[in-house]
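Engineer: Build the complex: two chains, separate frames, hints provided.
Protein sequence lines correspond, in order, to chains U and D. The working numbering puts the first residue of the first sequence at 1, with every later residue one more than the last. The working numbering puts the first residue of the second sequence at 1, with every later residue one more than the last.
Treat the hints as calculated values from the structure; they're not laboratory data. Every residue gets a Cβ at the ideal spot worked out from N, C-alpha and C, and that includes glycine. Incorrect hints may appear among the rest.
Simulated crosslink set (EDC-like; lysine to aspartate or glutamate; CA at most 16 Å straight-line) [unchecked claim]:
#1 Lys56/U - Asp31/U
#2 Lys102/U - Asp59/D
#3 Lys70/D - Asp54/D
#4 Lys71/D - Asp30/D
#5 Lys102/U - Glu107/D
#6 Lys9/D - Asp84/U
#7 Lys9/D - Glu24/D
#8 Lys102/U - Asp31/U
#9 Lys42/U - Glu15/U
#10 Lys71/U - Asp55/U
#11 Lys42/U - Asp38/D
#12 Lys70/D - Asp30/D
#13 Lys68/U - Asp17/U
#14 Lys102/U - Asp30/D
#15 Lys68/U - Asp49/U
Footprint (simulated), chain U over chain D, 3 or more residues, beta carbon under 8 Å [what the hints assert, rightly or not]:
#16 41 to 55
#17 106 to 112
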Amino acid sequence: GESVGLHLPTLSVQEGDNSIINCAYSNSASDYFIWYKQESGKGPQFIIDIRSNMDKRQGQRVTVLLNKTVKHLSLQIAATQPGDSAVYFCAENIGWGEDTDKLIFGTGTRLQVFP
Amino acid sequence: DGGITQSPKYLFRKEGQNVTLSCEQNLNHDAMYWYRQDPGQGLRLIYYSQIVNDFQKGDIAEGYSVSREKKESFPLTVTSAQKNPTAFYLCASSMVGAGLASGSYNEQFFGPGTRLTVL
Chain U
1 GESVGLHLPT
11 LSVQEGDNSI
21 INCAYSNSAS
31 DYFIWYKQES
41 GKGPQFIIDI
51 RSNMDKRQGQ
61 RVTVLLNKTV
71 KHLSLQIAAT
81 QPGDSAVYFC
91 AENIGWGEDT
101 DKLIFGTGTR
111 LQVFP
Chain D
1 DGGITQSPKY
11 LFRKEGQNVT
21 LSCEQNLNHD
31 AMYWYRQDPG
41 QGLRLIYYSQ
51 IVNDFQKGDI
61 AEGYSVSREK
71 KESFPLTVTS
81 AQKNPTAFYL
91 CASSMVGAGL
101 ASGSYNEQFF
111 GPGTRLTVL
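Extracted from the complex, chain D is given alone in its bound form (with noise of 0.2 Å):
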């Protein structure tokens, strides 16, 4: 079964914790994201690398790590910097470049998501 999962669904953290969650595909993308979706907003991107070992920050980096060691994971470190961290967190992958080859979208392709609650 190819796809894209994140674990856990649910994750309760204490105030000044650091917790990481996994997100794993094995659909031999080279391209993966995190979002964060808050209620009632879209989707915010937080990080993405393109490639093994290489990533980028995103409109709302601030708080969160990743590393980017294999291509088929792409863990999210939040932080106790994170100030507000309790949402819900969307990691997606997709085909890097085949856009410019093909003309078409670089479908992105979302996991289940883990909601995070600070207690």
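If we strip away everything but chain U, and leave its shape as in the complex, we get (with noise of 0.2 Å):
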């Protein structure tokens, strides 16, 4: 899961199990979450997104699942390989169908895959 700290949490994970990574949102009224994946010096890059009509949406080896009930949001990798570490983040979008759309970020989780 994600917390408010300077201490990231930290999955473990082994190459090629699968990894949950979890996100809690806090605005209802967020209407659309996106996955991001940043490794170490880089900017974020976009994985899977999920508008909240949806309560799953597939990609390549990932898979977004979307919980409204209880707002929390998990992401799924299949066969976690090494190129897979790096920090996750979750964001919600709260301006979905106006001009801007402005998104409010978790903490993240770092993801750690051993051999």
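Structural biologist: Set out below in structure tokens:
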């Protein structure tokens, strides 16, 4: 899960296993959610998104699940690889449908993949 | 090569100095954003701009200033009034209005970031 503070929560998984990264969001009015991957010293990269009228969306090796009842979002990575090692952020979009999309970011989870 | 660039990658500033961080994009995006990232925290919005010659304050605008004289460029100045400027600064850009028309999200594309350290 995610928490406020100087130390990122860390998930350590063995190569080939599945990873599940969790995120609790705060705004019940948020209607769009995005997962970003950030490698060390780089900008975030878009992974997958989901609209609030869906509860599951699949991409290549990744699946995002949305539970609006408890305001919870998760990112599942299948067959985790060393290249998946990074910090993963969820973001709420509270401006979708308007001209500018305003993102509220979570604090991030560090994923470490070991051989 | 289309994308968004930031310079410099590393920047050192003495206390009391203003510094300007560069952000350029050739994606023909109307909207541009500046975020600040501190260790162990998510990104926080400093300023954003939807169109040339117009910009709005984000959540933590105090001590920062921006300009948007060209569509491609959105420089950020960190002024001496910013009490704790040491951080990783990220610029992003996105289309505007496509969400309304197509029902899709205006994805924000991020630059590689500038790490600012105050000495």
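Engineer: Holds or violated: are the alpha carbons of Lys71/D and Asp30/D at most 16 Å from each other?
Structural biologist: Status holds; Cα separation ~6 Å.
Engineer: If you look at each residue in the region 106 to 112 of chain D, do at least three have a Cβ nearer than 8 Å to any Cβ of chain U?
Structural biologist: holds (count 7)
Engineer: Given the proposed pairing of Lys102/U with Asp30/D, does the C-alpha separation stay at or below 16 Å?
Structural biologist: OK: Lys102/U and Asp30/D at ~14 Å, within 16 Å.
Engineer: Is Lys68/U close enough to Asp17/U, meaning Cα to Cα at most 16 Å?
Structural biologist: violated, 27 Å
Engineer: Could you grab the alpha-carbon distance between Lys56/U and Asp31/U and see if it respects the 16 Å cut-off?
Structural biologist: holds, 14 Å
Engineer: Holds or violated: are the alpha carbons of Lys102/U and Glu107/D at most 16 Å from each other?
Structural biologist: It holds: about 11 Å lies between the C-alpha atoms, which stays within 16 Å.
Engineer: Regarding the pair Lys71/U and Asp55/U, is the alpha-carbon distance no greater than 16 Å?
Structural biologist: At roughly 11 Å apart (the allowed maximum being 16 Å), Asp55/U and Lys71/U satisfy the hint.
Engineer: Are there at least three residues in the region 41 to 55 of chain D whose beta carbon sits under 8 Å from a beta carbon of chain U?
Structural biologist: holds (count 7)
Engineer: With a cut-off of 16 Å on the C-alpha distance, tell me whether Lys9/D and Asp84/U pass.
Structural biologist: violated, 24 Å
Engineer: Check the hint pairing Lys70/D with Asp30/D against an upper bound of 16 Å on the C-alpha distance.
Structural biologist: holds, 10 Å
Engineer: For Lys70/D and Asp54/D, compute the direct alpha-carbon distance and say whether it is at most 16 Å.
Structural biologist: Roughly 11 Å separates the two Cα atoms, so the pair holds.
Engineer: Given the hinted pair Lys42/U and Glu15/U, is their Cα-Cα distance within 16 Å?
Structural biologist: Violated: Lys42/U and Glu15/U sit about 23 Å apart, past 16 Å.
Violated hints, in rising order: 6, 9, 13; the structure is consistent with all others.
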